[in-house]
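Engineer: Work out the full structure: start from the sequences and follow the hints.
Protein chains: 2
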Amino acid sequence: MITKLVSTQFDFQKKLSSLLEWENVSNSSVTKTVSDIITNIRSNGDSALIDYTNKFDNVNASSMKDLTIELPRLKQAFDILDEKQKSALSTAANRIRLYHEKQKQSTWSYTEDDGTVLGQKITSLDCVGLYVPGGKAVYPSSVLMNAIPAKVAGVKALIMVVPTPNAISNSLILAAAHISGITQVFTIGGAQAIASLAYGTQTIPKVDKIVGPGNIYVATAKRAVFGQVGIDMIAGPSEILIICDGKTNPDWIAMDLFSQAEHDENSQSLLLSPDSNFINQVESSIKKLLPTMSRKNIIKTALKNRGALIHTKDMNEAISLSNQIAPEHLELSIEHPKAVLDNIKHAGAIFMGRHTCESLGDYCAGPNHVLPTSGTARFSSPLGVYDFQKKSSLIMVSNQGANTLGKITVTLANGEGLQAHAQSARYRITQ
Amino acid sequence: MITKLVSTQFDFQKKLSSLLEWENVSNSSVTKTVSDIITNIRSNGDSALIDYTNKFDNVNASSMKDLTIELPRLKQAFDILDEKQKSALSTAANRIRLYHEKQKQSTWSYTEDDGTVLGQKITSLDCVGLYVPGGKAVYPSSVLMNAIPAKVAGVKALIMVVPTPNAISNSLILAAAHISGITQVFTIGGAQAIASLAYGTQTIPKVDKIVGPGNIYVATAKRAVFGQVGIDMIAGPSEILIICDGKTNPDWIAMDLFSQAEHDENSQSLLLSPDSNFINQVESSIKKLLPTMSRKNIIKTALKNRGALIHTKDMNEAISLSNQIAPEHLELSIEHPKAVLDNIKHAGAIFMGRHTCESLGDYCAGPNHVLPTSGTARFSSPLGVYDFQKKSSLIMVSNQGANTLGKITVTLANGEGLQAHAQSARYRITQ
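One line per chain: the protein sequences are A and B, in this order.
Residue 338 in our numbering sits at position 282 of the first sequence; the count goes up by one each step and never skips.
Residue 305 in our numbering sits at position 249 of the second sequence; the count goes up by one each step and never skips.
Calculated from the structure, these hints are not laboratory results.
The reader is advised that the hints may include incorrect statements.
Copies of the same chain are indistinguishable here, so a pair counts whether it falls within one copy or spans any two.
Straight-line Cα separation of at most 27 Å, DSS-like style, residue types lysine-lysine; simulated pairs [as the list claims (entries may be wrong)]: (1) Lys71 <-> Lys121; (2) Lys369 <-> Lys394; (3) Lys177 <-> Lys158; (4) Lys140 <-> Lys356; (5) Lys177 <-> Lys401; (6) Lys343 <-> Lys160; (7) Lys70 <-> Lys262; (8) Lys160 <-> Lys71; (9) Lys177 <-> Lys360.
Structural biologist: Spelled out as structure tokens, the structure:
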């Protein structure tokens, strides 16, 4: 059902590594296909895009107009939602906006004694592309989480692309696009959508950055256009790591593990606890609750292949293992989570206390649910407003400053054999 | 000598596009070589690394000890510098440190009325790899610019790799490594160095992020390991765009154009001015000064192939063209640069006023000289402390908060068909 490990067993680290192992592998066939699609879109623009879309999404478009959703249709999709959904979506959007407002950066500068001014100017990106997957995993909440930080940053043009396989569109996605302030929508997907956003076509605007999740073709295309445009991280399967002191209701913990496992068969759910008796209780809860779940097959596969209940020596070891794993979601289901926070080094999001289940953060707590996976929390951050703002250095050297800095520059530029660098500075030295 | 364009000529935009065109192309032979090297390093670690290094760098290493530079040798390299160089390097390092200290981010949080706490925790990366090219472009200043922001961010382990073709090491690089607080140095380079840092070998530590410039093999390897580790941008050739009102000494402007052109044959130097007479004066200065330059052949090729003097209608058009180009370095050689700053949208670094030549910023003004090239300033930022810090979201929901947020979560999770998400939240609802 689910692997049980004890941290003191001799092969523990080896078993743990093998559980954690994950690579987003693009085999050479995928890479070749994607590379051909990008070349074709760059050469033939709209017409290639229409051809690919008709073929891959099984639709029958004759012009780009057929692959465009006008803004009034988004509003309409929102208007016809029932009141409860409307209110839930609006409240979630407001809370996400409020949290992300705190991430806005401001221009700063300082003046040195000789009058030289140094600083950093903040501006927003002009135009962003948001990829929304079609098919089985349809998450309107992802539209909010990707679009709202961009809007808060001040991005003017926000282009959403979402494939509509067999011409079926999802009205919750469109309603979420409405409430997030998306400015254009095209029903395209796959590598052809990524290529179109990166290079522009007659109809699709060339964007500055592409964000949002997708399948292996989308991920491979994003990697290929990286540099031409900015991209967010290439996400692996979703993960949760729960540290529990053994005093939370085991049914709650089992359900929290399920909530990650139900995403897809590769999702990872880990529990770390120093209480072996509690681990057995959670195992019983899993057995009891699994048959009641509509996505029980997915959950079962995920728990079996990639899940684990891990008995640690103590809380300190649990935290140290968590830092090693650098989980996307870390749930601290313990009495005094604030007391251990300083020891947590690597995690996408930290859910503190028994009442803070991960799903609250997925939808409406406020922080972003686009988080670094597969251990990348060691070096990357949740999606945020900072992903849609950029910095320019400001340097305004006074006449006096040009004398002192000029002399240093001459010495260092000569050391690097860059004569023009030195001479350019020397011209500005007046004393 | 250098292209002259007038913004009103009918084919101006086409000519400009063709001048700006640049792609970091990895042909399939480079991609294949890099992919083989990565596979081999992952399988065979140190022994593969030693083999590649002996072969590509023409050295004769028998163990990793031969490819390691101990810290005392860095100090020694610094100690034997002449006083002027020592002082210039130290002052530059101090100024860079001072500026980057202002970029440090802090953890924040706020408490909502119902007691729910939301926030963002800042931590530094644990371990960073810094690639320093060997060969013709040897820039100790780049060691300062890459290493100091990492140190300021709080990175504990800073691993420098620098190839030493024919076993020749550069003592200025080692001195810069000393003053920047590098913690380990290996004399390796190319794709084999990138692969070793990304995956670790018996001797080379696995890092969290790799920064620093390199040739096409290094760039291709960085792109390939992106996701396994973080990377900085993949840099194109360096560029400068100067906007001048026609009242700066034309020799100064010519030398500023040279200072970019002398980097390599692909560097780009552009001047935009509404004063056609001034453009002719700068052209004369170029002709006069070029023969005096030691790197005149490189400068000549760069100016001929990729440089331009552009006559614009007015200052507004010059600024608007600059925003379109999104230059790495923007020099505002005008009377009142602060007055136009609000209109500048995209640039890596902005050099303001006639006395602020770019080379001051390259070495010692304080801001970073690692800047977005090839128009990527549209979506990316100078290298900074923020590249070596990361964020974790903080969510601590109160019992009361779990009631309100729980109900929203149940509605939205049901809309996405995620039953466990809903149930996990429902368990926490107490009223």
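Engineer: Against this structure, judge whether each hint is valid.
Structural biologist: Hints, one by one, checked against the model:
In this homomeric assembly, Lys71 and Lys121 never come within 27 Å of each other (Cα to Cα): the closest approach is 53 Å inside a single copy and 32 Å across copies. For the identical chains of this complex, Lys369 and Lys394 are intra-copy neighbours only, at 21 Å inside a copy versus 61 Å across copies, given an alpha-carbon limit of 27 Å. Taking the closest pair of Cα atoms, Lys177 and Lys158 come within 27 Å of each other both inside a single copy (18 Å) and across two copies (13 Å). For a Cα distance limit of 27 Å, the shortest separation of Lys140 from Lys356 qualifies neither inside one copy, at 32 Å, nor across copies, at 69 Å.
Proximity of Lys177 to Lys401 under the C-alpha cut-off of 27 Å is restricted to the inter-copy arrangement: shortest distance 9 Å between copies versus 30 Å within a copy. In the homo-oligomer, the alpha carbons of Lys343 and Lys160 never lie at most 27 Å apart, since the shortest distance is 46 Å inside one protomer and 48 Å across protomers. When the C-alpha separation of Lys70 and Lys262 is checked against a cutoff of 27 Å, the pair qualifies only between copies, where the shortest distance is 17 Å, while the shortest distance within a copy is 46 Å. When the C-alpha separation of Lys160 and Lys71 is checked against a cutoff of 27 Å, the pair qualifies neither within a copy, at 42 Å, nor between copies, at 38 Å.
Proximity of Lys177 to Lys360 under the C-alpha cut-off of 27 Å is found in neither arrangement, the shortest distances being 50 Å within a copy and 33 Å between copies.
In terms of the numbered hints stated before, the structure departs from hints 1, 4, 6, 8 and 9, listed from lowest to highest.
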